[in-house]
Structure formats: structure tokens, C-alpha cells
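**Student:** Sequences and hints are given; from them, build the entire structure.
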Amino acid sequence: MAEVGLNAPQNARILAVANQKGGVGKTTTTINLATALAAVGKRVLVLDLDPQGNASTGLGVDQSEREINAYHVMIGEASLDAATLDTQVPGLSVVSSGVDLSGAEIELIEVENRLFRLKSALIGFADRYDYIFIDCPPALGLLTVNALNAAHAVLVPLQCEFFALEGLSHLVRTIERIKTSYNPGLEIQGIVLTMFDARNNLSDAVASDVREFFGAIVYDTVIPRNVRVSEAPSYGKPVLLYDVGCAGSQAYIHLASEVLKREKIVSNLNNGKNR
4 MAEVGLNAPQ NARILAVANQ KGGVGKTTTT INLATALAAV GKRVLVLDLD PQGNASTGLG
64 VDQSEREINA YHVMIGEASL DAATLDTQVP GLSVVSSGVD LSGAEIELIE VENRLFRLKS
124 ALIGFADRYD YIFIDCPPAL GLLTVNALNA AHAVLVPLQC EFFALEGLSH LVRTIERIKT
184 SYNPGLEIQG IVLTMFDARN NLSDAVASDV REFFGAIVYD TVIPRNVRVS EAPSYGKPVL
244 LYDVGCAGSQ AYIHLASEVL KREKIVSNLN NGKNR
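Residue numbers (our numbering): 4 to 278.
If you're looking for bench data, these hints aren't it; they were derived computationally from the structure.
We treat Cβ as the ideally placed atom computed from N, Cα and C, and that holds for glycine.
Be careful, since some hints might not be right.
Stated by the list, open to error - Restricting the straight-line Cα-Cα distance to at most 30 Å, the calculated cross-link-like pairs of lysine-lysine (DSSO-like) are: (1) Lys-267 <-> Lys-240; (2) Lys-182 <-> Lys-45; (3) Lys-45 <-> Lys-240.
Claimed, not checked - The following label-pair restraints were derived from C-beta to C-beta distances: (4) Ser-82 <-> Arg-202: 45 to 51 Å; (5) Asn-116 <-> Glu-70: 22 to 28 Å; (6) Asn-204 <-> Ser-172: 29 to 35 Å; (7) Ser-172 <-> Asp-223: 20 to 26 Å; (8) Gly-106 <-> Asp-200: 36 to 42 Å; (9) Glu-115 <-> Ser-82: 16 to 22 Å; (10) Asp-200 <-> Glu-68: 31 to 37 Å; (11) Gln-91 <-> Leu-263: 21 to 27 Å; (12) Gln-91 <-> Ser-270: 27 to 33 Å; (13) Ser-172 <-> Asp-207: 16 to 22 Å.
**Tutor:** The structure is reproduced here in C-alpha cells:
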């Protein structure tokens with residue numbers, strides 16, 4: 004028997020940033036897009052659901068501050084409120100992660116409603132924010148399924164390399180299965196091309212193939228390969244704080260603008276349905 008989903012959390016738009024392939028710029032996209040939205044006055048939460056904890060590190064959260072993290076939320080030992088930390092970015096908070104989260108998938112196997120633990124935790128909490136970004140692990144396991152069940156939409160970072168296309172088709176099939184079985188409102192908010200190298204013909208070829216197949220769902224903004232983007236996490240900062248003038252920062256600012264435009268369209272459509 005399929006598990007029964009809970010009522011969707013209200014107010015905040017919840018976006019799962021997902022791709023089962025690692026090294027595609029998923030975490031970098033999460034923290035910098037969240038920073039850009041916070042900079043224009045949005046209340047934003049980053050929920051680090053990746054046991055590697057890179058989003059937490061990239062937002063300057065020290066290991067000593069992660070005593071209560073997403074693991075404790077997922078197994079029911081703590082509320083999201085108890086796990087939430089402020090960041091150096093005004094308006095941006097984070098629920099950190101740690102290596103113990105990697106054991107949550109095993110611990111949750113026998114737990115009732117295990118596919119909806121995150122959605123349950125977000126009820127009554129999500130109304131504090133305008134946007135919640137869930138940084139998913141690079142796998143399509145129980146943690147990612149929890150994120151997809153809790154989300155309104157999925158944002159997919161896609162590295163401009165050949166093998167990334169194969170992984171994308173698998174992710175799309177998974178999203179469709181989640182939509183059919185558990186979360187009928189789930190949509191792909193957009194696909195963002197990352198690590199684009201203008202000197203590389205393969206980057207152009209991959210970008211063209213993705214745009215031809217997925218059409219308007221692919222963002223116009225392309226995130227370039229940029230050394231400042233790579234350096235920023237080692238300083239515990241989003242690149243928008245580390246070097247706002249670099250090409251990577253400017254790309255994420257443009258991406259944030261595109262995301263807001265799409266979200267406005269979704270909001271208008273939803274308001275029309277509710278009249």
C-alpha cells in the first residue's frame with residue numbers, strides 16, 4: 004500500500020535543487036541563488052539535506068555549530084526551528100547537515116510515513132519564509148525522495164558535459180514517478196546550465212541539445228566556469244559576498260531574476276485558479 008502524503012506546507016515556495024550526478028554545481032547554485040534572493044529582500048532558508056554538508060560550509064557554518072542538524076529533524080529528535088541557524092547574509096537562514104545524515108536512510112526504513120518526514124517537519128514552519136531551497140544529495144535515495152515530496156518544484160543544475168544528459172533523463176523519470184504516486188503538484192521549475200566553458204565546443208553542443216529537447220524550461224542564464232566561484236566556499240562565503248563583480252556572481256544574479264519571473268507567473272496562475 005502506498006504511503007499517504009500530508010497536506011502541503013503553506014506560504015513558502017519550496018524548491019528542491021536536485022541532480023543525482025555529483026559535481027554539477029548543485030550546492031553552488033543553491034547557496035548563491037538563495038543569497039541573491041535574500042539580497043532583494045526575500046526571506047530565504049537553505050535546508051542542507053546532503054550528508055557532505057557542503058551548503059553549510061559554503062554559508063560559513065562551522066562544524067561546532069552543527070550539533071543539531073537535518074539528521075535530527077529527519078529522525079524526529081529535533082524540530083526545524085531548533086536546527087535553524089542565521090548566516091552572514093541578512094534574511095538567509097540555514098538548516099545544517101552532517102555526516103550522521105548518511106545513516107538516516109537506513110534508520111528510516113522501518114519508520115511510518117518515512118517518505119514524508121521532511122514535509123511533516125515543514126508544516127507550521129514554512130510560513131516564516133518566502134523561499135526554501137533544499138540542497139539534495141547526489142543520489143535518488145530516501146533523502147531526495149523526501150525533498151521531492153516536500154517541494155513545490157525542482158530546480159535542476161546541469162553541467163555542460165556529455166554524461167550529464169544521461170543522468171538528467173533518469174532524474175526526469177524519477178520526478179514523474181514522484182508526481183504520479185505522491186506529489187501531484189510537483190513540477191520542474193527550470194534547468195540551469197552550469198560550468199559552461201565558452202572555449203569548449205562540447206559545452207555549446209550540450210547546451211544546444213538540452214535547449215532543443217527541453218525548450219523554454221531551460222533558463223536563459225548560463226553559469227560559466229569561474230575560478231572565483233570555486234574559491235568562495237573555502238572562505239565560507241557565497242561567491243556573491245566573496246566577489247560580487249566576477250562573472251559567476253553576475254550570472255547568479257541574472258538567474259535569480261529569471262527565477263523570480265517564473266515564480267511570479269506561477270503565483271498569478273495559482274491566484275487565478277483560487278478565484
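**Student:** Taking 29 to 35 Å as the stated bounds, is the beta-carbon spacing between Asn-204 and Ser-172 within them?
**Tutor:** Given about 22 Å between the Cβ atoms, the range is violated.
**Student:** State, for the Cβ atoms of Ser-82 and Arg-202, whether the hinted interval 45 to 51 Å holds or is violated.
**Tutor:** holds (49 Å)
**Student:** Can the suggested window of 16 to 22 Å be confirmed for the beta-carbon pair Glu-115 and Ser-82?
**Tutor:** Since Glu-115 and Ser-82 have Cβ atoms about 18 Å apart, the given range 16 to 22 Å holds.
**Student:** Tell me if the beta carbons of Ser-172 and Asp-207 are separated by a distance inside 16 to 22 Å.
**Tutor:** holds (20 Å)
**Student:** The hint says 22 to 28 Å between Asn-116 and Glu-70; measuring C-beta to C-beta, is that right?
**Tutor:** holds (26 Å)
**Student:** Between Gln-91 and Leu-263, is the Cβ distance one that fits in 21 to 27 Å?
**Tutor:** holds (22 Å)
**Student:** Quick check on a hinted range of 36 to 42 Å for Gly-106 and Asp-200, using CB atoms only.
**Tutor:** Holds, since Gly-106 and Asp-200 (Cβ atoms, about 38 Å apart) stay within the stated range.
**Student:** Using the beta carbons of Gln-91 and Ser-270, state whether their distance is inside 27 to 33 Å or not.
**Tutor:** holds (29 Å)
**Student:** For Asp-200 and Glu-68, compare the CB-CB distance with the range 31 to 37 Å and indicate the outcome.
**Tutor:** 36 Å Cβ-Cβ, so the 31 to 37 Å window holds.
**Student:** If you draw a straight line from the CA of Lys-267 to the CA of Lys-240, is it 30 Å or shorter?
**Tutor:** holds (28 Å)
**Student:** Holds or violated: Lys-45 with Lys-240, Cα cutoff 30 Å?
**Tutor:** Holds - the C-alpha atoms of Lys-240 and Lys-45 are around 19 Å apart, at most 30 Å.
**Student:** Has the given pair, Lys-182 with Lys-45, been kept, meaning a C-alpha gap of at most 30 Å?
**Tutor:** holds (28 Å)
In this structure, only the earlier hint numbered 6 is contradicted, and the remaining ones agree with it.
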